[in-house]
Structure formats: structure tokens, C-alpha cells
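Chains A and B are the protein sequences, given in the same order.
Taking this note's numbering, the leading residue of the first sequence gets 1, the next gets one more, and so forth.
Taking this note's numbering, the leading residue of the second sequence gets 1, the next gets one more, and so forth.
There may be inaccurate statements among the hints.
Simulated pairs of lysine to any residue, SDA-like, Cα-Cα distance not exceeding 25 Å [what the hints assert, rightly or not]:
(1) B:160 - A:151
(2) B:160 - A:149
(3) A:99 - A:151
(4) A:99 - B:97
(5) A:127 - B:78
(6) A:151 - B:269
(7) A:283 - B:269
(8) A:301 - B:120
(9) B:160 - A:142
(10) A:99 - B:123
Treat the hints as calculated values from the structure; they're not laboratory data.
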Amino acid sequence: MSTKEKLMSMSEAVSHHVHDGDTVFFGGFIQQNPCAAAHEIIRQGKKNLTLSSAASLTIVDQMIGAGIVKRLITTFTWNVLPGPAHCFIRSLTRGVPHKIELEEYSLLALNLAYFAGSLDLPYVAAKTSLGSGFDWEQSRSGVTNRLKFEKSPFTGERVCLVPPVKHDVGIMQVQRSDPYGNAQAWGMLGESRFGLQSCERIIVCAEEIVSADTILRDPNRTIVPAFRVSAVVEEPWGSHPSPLTGYYDMDWLFFGYYERESRTQESFEEFMKKWVYGVKGRKEYLQLLDAKRLEGLRPEKFMSEPISYGKFTRHFEV
Amino acid sequence: MSEKPQRSSPLEQMIVSASRLIEDGTVLLVGTQWPVLVTLLAKRLHAPNATLCYEGGIVLGRIPDRVPLFSADPVMNASSALMGDSLDTLGMILHAGRAHMGLISAAMVDRYGNINTTCVGDYASPRIRFGGSGGACDFASLASRLVVILEHDKRRFPEKVDFITTPGYLQGKDSRARVGLRSNTGPYAVVTTLALFQFDDEGEMILRAYHPAASIEDVKKSVQWDLKVDEEAQPLQPPSEEELKALRELDPHGMYLKNARTLEGIEISV
Numbered sequence: 001m002s003t004k005e006k007l008m009s010m011s012e013a014v015s016h017h018v019h020d021g022d023t024v025f026f027g028g029f030i031q032q033n034p035c036a037a038a039h040e041i042i043r044q045g046k047k048n049l050t051l052s053s054a055a056s057l058t059i060v061d062q063m064i065g066a067g068i069v070k071r072l073i074t075t076f077t078w079n080v081l082p083g084p085a086h087c088f089i090r091s092l093t094r095g096v097p098h099k100i101e102l103e104e105y106s107l108l109a110l111n112l113a114y115f116a117g118s119l120d121l122p123y124v125a126a127k128t129s130l131g132s133g134f135d136w137e138q139s140r141s142g143v144t145n146r147l148k149f150e151k152s153p154f155t156g157e158r159v160c161l162v163p164p165v166k167h168d169v170g171i172m173q174v175q176r177s178d179p180y181g182n183a184q185a186w187g188m189l190g191e192s193r194f195g196l197q198s199c200e201r202i203i204v205c206a207e208e209i210v211s212a213d214t215i216l217r218d219p220n221r222t223i224v225p226a227f228r229v230s231a232v233v234e235e236p237w238g239s240h241p242s243p244l245t246g247y248y249d250m251d252w253l254f255f256g257y258y259e260r261e262s263r264t265q266e267s268f269e270e271f272m273k274k275w276v277y278g279v280k281g282r283k284e285y286l287q288l289l290d291a292k293r294l295e296g297l298r299p300e301k302f303m304s305e306p307i308s309y310g311k312f313t314r315h316f317e318v
Numbered sequence: 001m002s003e004k005p006q007r008s009s010p011l012e013q014m015i016v017s018a019s020r021l022i023e024d025g026t027v028l029l030v031g032t033q034w035p036v037l038v039t040l041l042a043k044r045l046h047a048p049n050a051t052l053c054y055e056g057g058i059v060l061g062r063i064p065d066r067v068p069l070f071s072a073d074p075v076m077n078a079s080s081a082l083m084g085d086s087l088d089t090l091g092m093i094l095h096a097g098r099a100h101m102g103l104i105s106a107a108m109v110d111r112y113g114n115i116n117t118t119c120v121g122d123y124a125s126p127r128i129r130f131g132g133s134g135g136a137c138d139f140a141s142l143a144s145r146l147v148v149i150l151e152h153d154k155r156r157f158p159e160k161v162d163f164i165t166t167p168g169y170l171q172g173k174d175s176r177a178r179v180g181l182r183s184n185t186g187p188y189a190v191v192t193t194l195a196l197f198q199f200d201d202e203g204e205m206i207l208r209a210y211h212p213a214a215s216i217e218d219v220k221k222s223v224q225w226d227l228k229v230d231e232e233a234q235p236l237q238p239p240s241e242e243e244l245k246a247l248r249e250l251d252p253h254g255m256y257l258k259n260a261r262t263l264e265g266i267e268i269s270v
């Protein structure tokens, strides 16, 4: 086990590990979005980023609107509510603030691309996306992705070849981590496990820092082991307005608020001045929110039964 | 039993009509928006043994206490039999051929059941841009039956969509087989606030049933091509009292039934 402590502030983690031009994976399938980290990336003015995110929500929209995105790897880009991601749409339809490049897949295809990336497989063959617009060979749709279509050498049937998608750095908000980076997440994990494992560097943002012993008593919940992690940031409420299993609900009124404020580039910039550029970090961001309403997002406790992994202390005797 | 049946809204008719397509004991891949409520209604009424799976990696364990606003709502955290990775549901259930039915919402549907949730106009410089596939393309590629649920609007039924996010019968006939899609897959029904459509042997959409307050002519005028009509097309059976009661209990604040999820017309203070 890696025993180097990697605790640092969000500002240090982003400044040391996210570089201009990087391909950055944002974990969390709607739940567990690393929102605090994304805001710090925007504040530090990182440039020419390629974002990779299976379900791209408000943070992706905000980074596009802030003009720091060159390319987006995605399957779906929207607000959680049935309201569009306005910055994403402005970029693609009007080039405001500039036009981003797209690498677009179906959700299963991108999950397989992360899977291939995490194992360093040359590709994975699948039976999805055939004949659709993602199948550029058949559809001539003009879609931009890296899929290829071939006959299976085993059965002769037409298959979709999914390339590995790899990242320079990956970020995810988790429930807890020890100071070394053994990070534990639970709930709906979406693409996060394979997305994170396909990253060269990993920034873990945790609601709570716990002891190594806490991790050792429940290793099934570890999503990434310490030796793969570059930085550990303690950041409570780091996913707001997205939800985090066991910690807080989605703040769906805030999603609605953002959807309205982002309808024009001007009002979007006002939103960013207040919630991103106008604060030093997540603590100040949280002070802008009604504390009572925030507390109302806490769920009732719904405890699991404790389980035992079983411990052996005596050597075999022969 | 002489009580007068309650009046239902077109949305309620759509949701009930779609839920009746679900058979007990089947495995369902549930997309976001309308399918969330449609499948919970079926599970509550006539399909208690249906297995509901969601693209983020959830297999549902029980009907949640609060209606999920989307397919990854955190209310599922305490209602799931399995919470894992997307590859658990999209991979080891859907790609493995174990899903009897996939259900999705859609922006636009064409004559052959091809669905567009990507863009209108050229992909490289679209006039209108939507959110994209998510798992919809995978549901349509791999589930035995695909059910599409959307509010009816003529603009959403072009003869040919600009981008096939989600493959229907493509250009009709054997075109799914030609591109390599599995033979036992494809659209099964399209359910709207106005009608229920299925597909004929050519893979073309055909009107099977229509809203009791509408006529066949109304439906024909509400799509952008010369719609085929089943000889036995008939009015949809209105929701029963039991169906309406269950539906309104599932969604007591009208998140779906009155579209309250969109927060239109509501003051928001954060």
C-alpha cells in the first residue's frame, strides 16, 4: 500500500495536476459530479482542455461557457431537468464563445472505451451503434468519433470497434478517502470505475477523510487504490448541486436556477461572477447558499447492516 | 360500480397506454423522463415481477417513496437491489441480450422509427442541437423490443430524421440486418399523447390505436408523411379508475403529470 500522504487543498491539486491542453475525465454519472473541482479549474484559467464525461451536466456546460474547452468527449450533454445545456448549444450552433470539437458516442460505447482504456486493450468489439448516426461508415452523418466498423474474424458479422479512451488526469467526488488516496465510493457508479482507471493521474475529492483502518475494514467499497492517486482533497459538499449517495440530495431548484441564468451568454457570465469567480473556493460558495435549505438536502439515515470480512491472526500449524 | 370514470389528460393516457405494453416477469431497460413513470406504474399494477434496470448501473429493488425525477435520481439509493456500474446494466444485461424491452423518450421519430435526439440540420453546424444519445442508441440496438414515448407534435414526426441517434428500421425492410444489428431487436411501439403506433413487415410505422377524443384523420394530419393505418385501428382504451388512481398516487405533485419538473412559471430563490 502506498503510504505517502497526499492531502492538499483544491487549489494546489488543480494547479499541480491539471495542465493546459490536458484530457480530463470528470467522474460521476449525474450523481457524484466533481463540481468544486471544475469551478477551481475555471478559476485558474486552464486552457484548451479536452473534457471527457459520459453524462455531461452543468459543470461541463460551465467550462464550455467559460471558454476553456477545446474538445468534448460525451454521450449526453444537458441539464438534469428537461432544460437544455445552453452554453453547449451556443457553442455548437453559434460558436459562442467559440466552437468546441465533439467526440460523441452512445453510453455503452463510451463505457467500453473507458474499459478498454483502463485495461490498455487495443479495442473492444460490440454490437451497438451499428446503423445509427454514430456509425459514420453507414450513415454518412458527419459524426465525429473514433469508432471503426469491421467484420468479426470469428463469426463474420459486422461489429463496432471501440477504441480505448485514456486521460491525462481524472477527478471524482467520493464519500471518503484515507490520506493516502484509497478512495471509497458507493451508490450508482455509472462509468466512474473504468473512467478513473484510464487516467494517468487521479485527483480524489472526498466528503470526509478517514483513517486507513476504516478503509481496511471495508475494501469492497474502494474504487481506486492509493498508488494510482496523485492528490486527495477534503471537500465537503463538493458535488453540489449534484447529489452524493448518503450525503445529500440533488439540489434540483439550483439546476433550474442555473438553467434560467444561463439562457444568454451575458446572464451566464453574471452567474459565473457570483458563484465561481467571486468566491475563493467551496467554503465561500456554500456561504452564498441558504444554509437552512442546504441542510434540507440531507437524507434520513438508512444504515446497512454491518458485515464481517473475517480476520485470521494465527499462523497455520504443521 | 356505477361511478363515472374520471377524465384523464392526454399525458395520463400516454403513460397508461405505454405501461400496458409491459408484461410481468420481463427485464426492462428504463430510459429517463416518461419511461421512469411508465415502468413504475406497470410494476405497481400488472407487472410486479418486472425487473427495472437503469443505465447508470441500477437494478431496482422496490418502488421508491418519492417519484424519481430522472433515471439517476438519488431516491433510488435506498430502493435498489443492485447499484453498480453502467457495464452491469448496459453490458451484462442489455448487451448480453437479457433485456426484453427498452423504453425511451425522444425528440423526433421518423417513418421507419428512427429517432433523433442529436441535432436538426448538419451535424457539423446544427440549426438545433439536442442532448445526445446517452443509452438510447444502445437500448434500440440491443433490447428485444423498443418502446418510444413522447408528447405528440407534428414537428417531431418528420418523414426522415436528420440524425439517427437511435436506430429504428433505418431505411426499412432488411436494413437493420444489413448493418449488423441483431435480428431479434427493433422498435415495437411508439406511444404519444395522440396515438399508439407499431411497425409493419416493411419496418414502416402504422397506426394501431388513437386517443378516444381524436380521429384517424387527426392522427394522419399530425405526422409529416402519408401514414399507414391498420385496418383494425381503434380508439385507445381510456385509463381505468384503478390505473388513474395508481398513477396519481405515484406522482402526487404532478412532477410528470403536470410537468412540474420543468419549474416553468415557478419563482426560484437559492
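Verification of the hints:
With a CA separation close to 28 Å, the supplied pair residue 160 (chain B) and residue 151 (chain A) exceeds the 25 Å bound. Note on residue 160 (chain B) and residue 149 (chain A): the hinted pairing holds, with a Cα-Cα distance of about 24 Å set against a maximum of 25 Å. Our distance criterion of 25 Å between C-alpha atoms is broken by residue 99 (chain A) and residue 151 (chain A), whose separation comes to about 35 Å. This hinted pair does not check out: residue 99 (chain A) and residue 97 (chain B) have alpha carbons roughly 39 Å apart, beyond 25 Å.
Proposed proximity of residue 127 (chain A) and residue 78 (chain B) is contradicted: the alpha carbons are some 33 Å apart, above 25 Å. Taking the CA atoms of residue 151 (chain A) and residue 269 (chain B), the gap is about 56 Å. The hint is violated against a cut of 25 Å. Between residue 283 (chain A) and residue 269 (chain B), the direct Cα distance comes to roughly 20 Å. Compliance with the 25 Å bound is thereby established for this hinted pair. With a C-alpha separation of about 46 Å, the suggested pairing of residue 301 (chain A) with residue 120 (chain B) is violated against the 25 Å cut-off.
A distance of roughly 16 Å separates the Cα atoms of residue 160 (chain B) and residue 142 (chain A); the hinted pair therefore holds under the 25 Å criterion. A distance of roughly 13 Å separates the Cα atoms of residue 99 (chain A) and residue 123 (chain B); the hinted pair therefore holds under the 25 Å criterion.
The earlier numbered hints that this structure contradicts are 1, 3, 4, 5, 6 and 8.
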